[in-house]
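The listed protein sequences derive, respectively, from chains F and C.
Going by this note's numbering, 185 is the number at position 185 of the first sequence; the sequence numbering is gapless.
Going by this note's numbering, 123 is the number at position 123 of the second sequence; the sequence numbering is gapless.
Just to be clear, a hint being listed does not mean it is correct.
Claimed, not checked - EDC-like mimics (lysine to aspartate or glutamate), calculated; alpha carbons at most 20 Å apart, straight line: (1) C/127 to C/116; (2) F/127 to C/116; (3) C/127 to F/185; (4) F/167 to C/135.
To be verified - Partner residues are not named here, just some residues of chain F that face chain C (Cβ under 7 Å, in silico): (5) 33; (6) 79; (7) 165; (8) 189; (9) 193; (10) 194; (11) 200; (12) 203.
To be verified - Taking CB as the label site, the calculated pair distances span: (13) F/38 to C/65: 19 to 27 Å; (14) F/114 to C/61: 24 to 32 Å; (15) C/13 to F/189: 23 to 31 Å.
Simulated from the structure, these hints should not be mistaken for laboratory data.
Here a beta-carbon is modelled for each residue, glycine too, at the ideal position from N, C-alpha and C.
Protein chains: 2
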Amino acid sequence: MQTQRTTPSRSAKRAHYEAETIYSILDEALYCTISYAVDGQPWSLPTAFAREDDRLLIHGSVGSHFIREVEKGIPVCISVTLLDGLVLAKSGFSHSVNYRSVVVFATAEKVEAYDEKVNALVLITNKLIPNRWPDLRKETESEIRKTTVLAFSLEEASAKIRTGDPKDEPEDANLPIWSGVIPLETVRLAAIPDASSTALPLPHYLRTD
Amino acid sequence: MQTQRTTPSRSAKRAHYEAETIYSILDEALYCTISYAVDGQPWSLPTAFAREDDRLLIHGSVGSHFIREVEKGIPVCISVTLLDGLVLAKSGFSHSVNYRSVVVFATAEKVEAYDEKVNALVLITNKLIPNRWPDLRKETESEIRKTTVLAFSLEEASAKIRTGDPKDEPEDANLPIWSGVIPLETVRLAAIPDASSTALPLPHYLRTD
Numbered sequence: 001m002q003t004q005r006t007t008p009s010r011s012a013k014r015a016h017y018e019a020e021t022i023y024s025i026l027d028e029a030l031y032c033t034i035s036y037a038v039d040g041q042p043w044s045l046p047t048a049f050a051r052e053d054d055r056l057l058i059h060g061s062v063g064s065h066f067i068r069e070v071e072k073g074i075p076v077c078i079s080v081t082l083l084d085g086l087v088l089a090k091s092g093f094s095h096s097v098n099y100r101s102v103v104v105f106a107t108a109e110k111v112e113a114y115d116e117k118v119n120a121l122v123l124i125t126n127k128l129i130p131n132r133w134p135d136l137r138k139e140t141e142s143e144i145r146k147t148t149v150l151a152f153s154l155e156e157a158s159a160k161i162r163t164g165d166p167k168d169e170p171e172d173a174n175l176p177i178w179s180g181v182i183p184l185e186t187v188r189l190a191a192i193p194d195a196s197s198t199a200l201p202l203p204h205y206l207r208t209d
Numbered sequence: 001m002q003t004q005r006t007t008p009s010r011s012a013k014r015a016h017y018e019a020e021t022i023y024s025i026l027d028e029a030l031y032c033t034i035s036y037a038v039d040g041q042p043w044s045l046p047t048a049f050a051r052e053d054d055r056l057l058i059h060g061s062v063g064s065h066f067i068r069e070v071e072k073g074i075p076v077c078i079s080v081t082l083l084d085g086l087v088l089a090k091s092g093f094s095h096s097v098n099y100r101s102v103v104v105f106a107t108a109e110k111v112e113a114y115d116e117k118v119n120a121l122v123l124i125t126n127k128l129i130p131n132r133w134p135d136l137r138k139e140t141e142s143e144i145r146k147t148t149v150l151a152f153s154l155e156e157a158s159a160k161i162r163t164g165d166p167k168d169e170p171e172d173a174n175l176p177i178w179s180g181v182i183p184l185e186t187v188r189l190a191a192i193p194d195a196s197s198t199a200l201p202l203p204h205y206l207r208t209d
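Let the sequences and hints guide you as you build the complete structure.
See the structure below:
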């Protein structure tokens, strides 16, 4: 949703407010950075998350300083960044990056129901490693009790996207300086078993061949 | 430097305060996320940066809302995250990620001297694309005037690092569930010239072969 907070002061043409665009960026990102402030002092922390419909879900230890502050329902800002490429222009000034980013302004709602907490942990785990959860040793009540799950509405979220070639000044366009894009990609390398798993078959969802 | 703010409430054994460790993470990261608060409302923004000795340098448009807030010298929190791997345990509870992260608490100092501003832009450009600057059309006074450069001391910075295999509960160790690590890597793909550069040779610093 476009609000004063989600309207950028610069490059407004890069701003997007459609849910589909925002969801696709959130669904691809492996972590988010959550910021909050206490007495004017900002704090921020990278953390795993998942999206369920119009909510973003995180989890953490019930004892964590971060969780205990944020669960109070103070305002947070959640930032997600996918860096897609380096944009090389003919001047330093026109250098840029291609990216897809999302910012969310929200307050935490604590997820209390046991099944909903488990569901959030399933979503967070399967977001990072699709199909993982069914293989795991079943969760225990103690583990769920020790875990806080927080949900954040995506109502006040916006995306910013830059794609494509550099935009050099017209007077620079014919300079014999190489310009273009270096695409960046996050890749998953071959899975490395720990000592307990060298004789176990690699699960189908971890195969890269 | 270890201060109350840089001492984690959880997993204290993952915390590091040596300059070398902090610098190496900052030097590898392609962007940082800067957070600040106005009237208790946190804001955060991903941005390019460079490190020079014990300072972190960023740049932005003189007109940007973000720059104009931060240049006032309000407290900021700078977060850098390198996600090195997904850590798959035999229980959901013991799943984790391998990462190297840095958090910096600081306030901005505006870099005013012309040559120091140019130097910061050289460092930021060459951090993302080593050796790039000497190839570029020379900066103009107008470009430098339109750009704000801010410096942040790294005095109050700390790193958190997790490496290695999953740590399952002893009673789970013999379960026939595959456990181990999926390494993650950010790769630069082959450079793509824009229309002006298809006939120009690829600079040596962009070659990947």
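Against the structure, the hints:
For a cut-off of 20 Å, the pair hint linking residue 127 of chain C to residue 116 of chain C stands: about 16 Å separates their Cα positions. A C-alpha spacing of about 44 Å is found between residue 127 of chain F and residue 116 of chain C, which places the hinted pair above 20 Å, so the restraint is violated. The suggested pairing of residue 127 of chain C with residue 185 of chain F holds, with an alpha-carbon distance near 18 Å, which does not exceed 20 Å. The hinted pair formed by residue 167 of chain F and residue 135 of chain C meets the criterion: a straight-line CA distance of about 17 Å does not exceed 20 Å.
Interface hint status for residue 33 of chain F: upheld, as the beta-carbon distance to the closest one in chain C is roughly 5 Å, under 7 Å. Interface restraint check: residue 79 of chain F against chain C, minimum CB-CB distance 4 Å, threshold 7 Å, status holds. Interface restraint check for residue 165 of chain F: the shortest CB-CB distance to chain C comes to about 4 Å, inside 7 Å, so the restraint holds. Proximity of residue 189 of chain F to chain C holds as hinted, the smallest CB-CB distance being about 4 Å (cut-off 7 Å).
Hint on residue 193 of chain F holds. Least Cβ distance to chain C is approximately 4 Å, under the 7 Å limit. Hint status for residue 194 of chain F relative to chain C: holds, with the closest Cβ pair at about 4 Å, below 7 Å. For residue 200 of chain F, the interface hint holds, the least distance from its beta-carbon to any beta-carbon of chain C being 5 Å, beneath 7 Å. Look at residue 203 of chain F: its Cβ gets to within about 5 Å of chain C, closer than 7 Å, so that hint holds up.
The given range of 19 to 27 Å is respected by residue 38 of chain F and residue 65 of chain C, whose C-beta atoms sit roughly 23 Å from each other. Range check, residue 114 of chain F to residue 61 of chain C: about 49 Å between beta-carbon atoms, so the 24 to 32 Å window is missed. At roughly 26 Å, the beta-carbon separation of residue 13 of chain C and residue 189 of chain F lies within the given 23 to 31 Å, and the hint holds.
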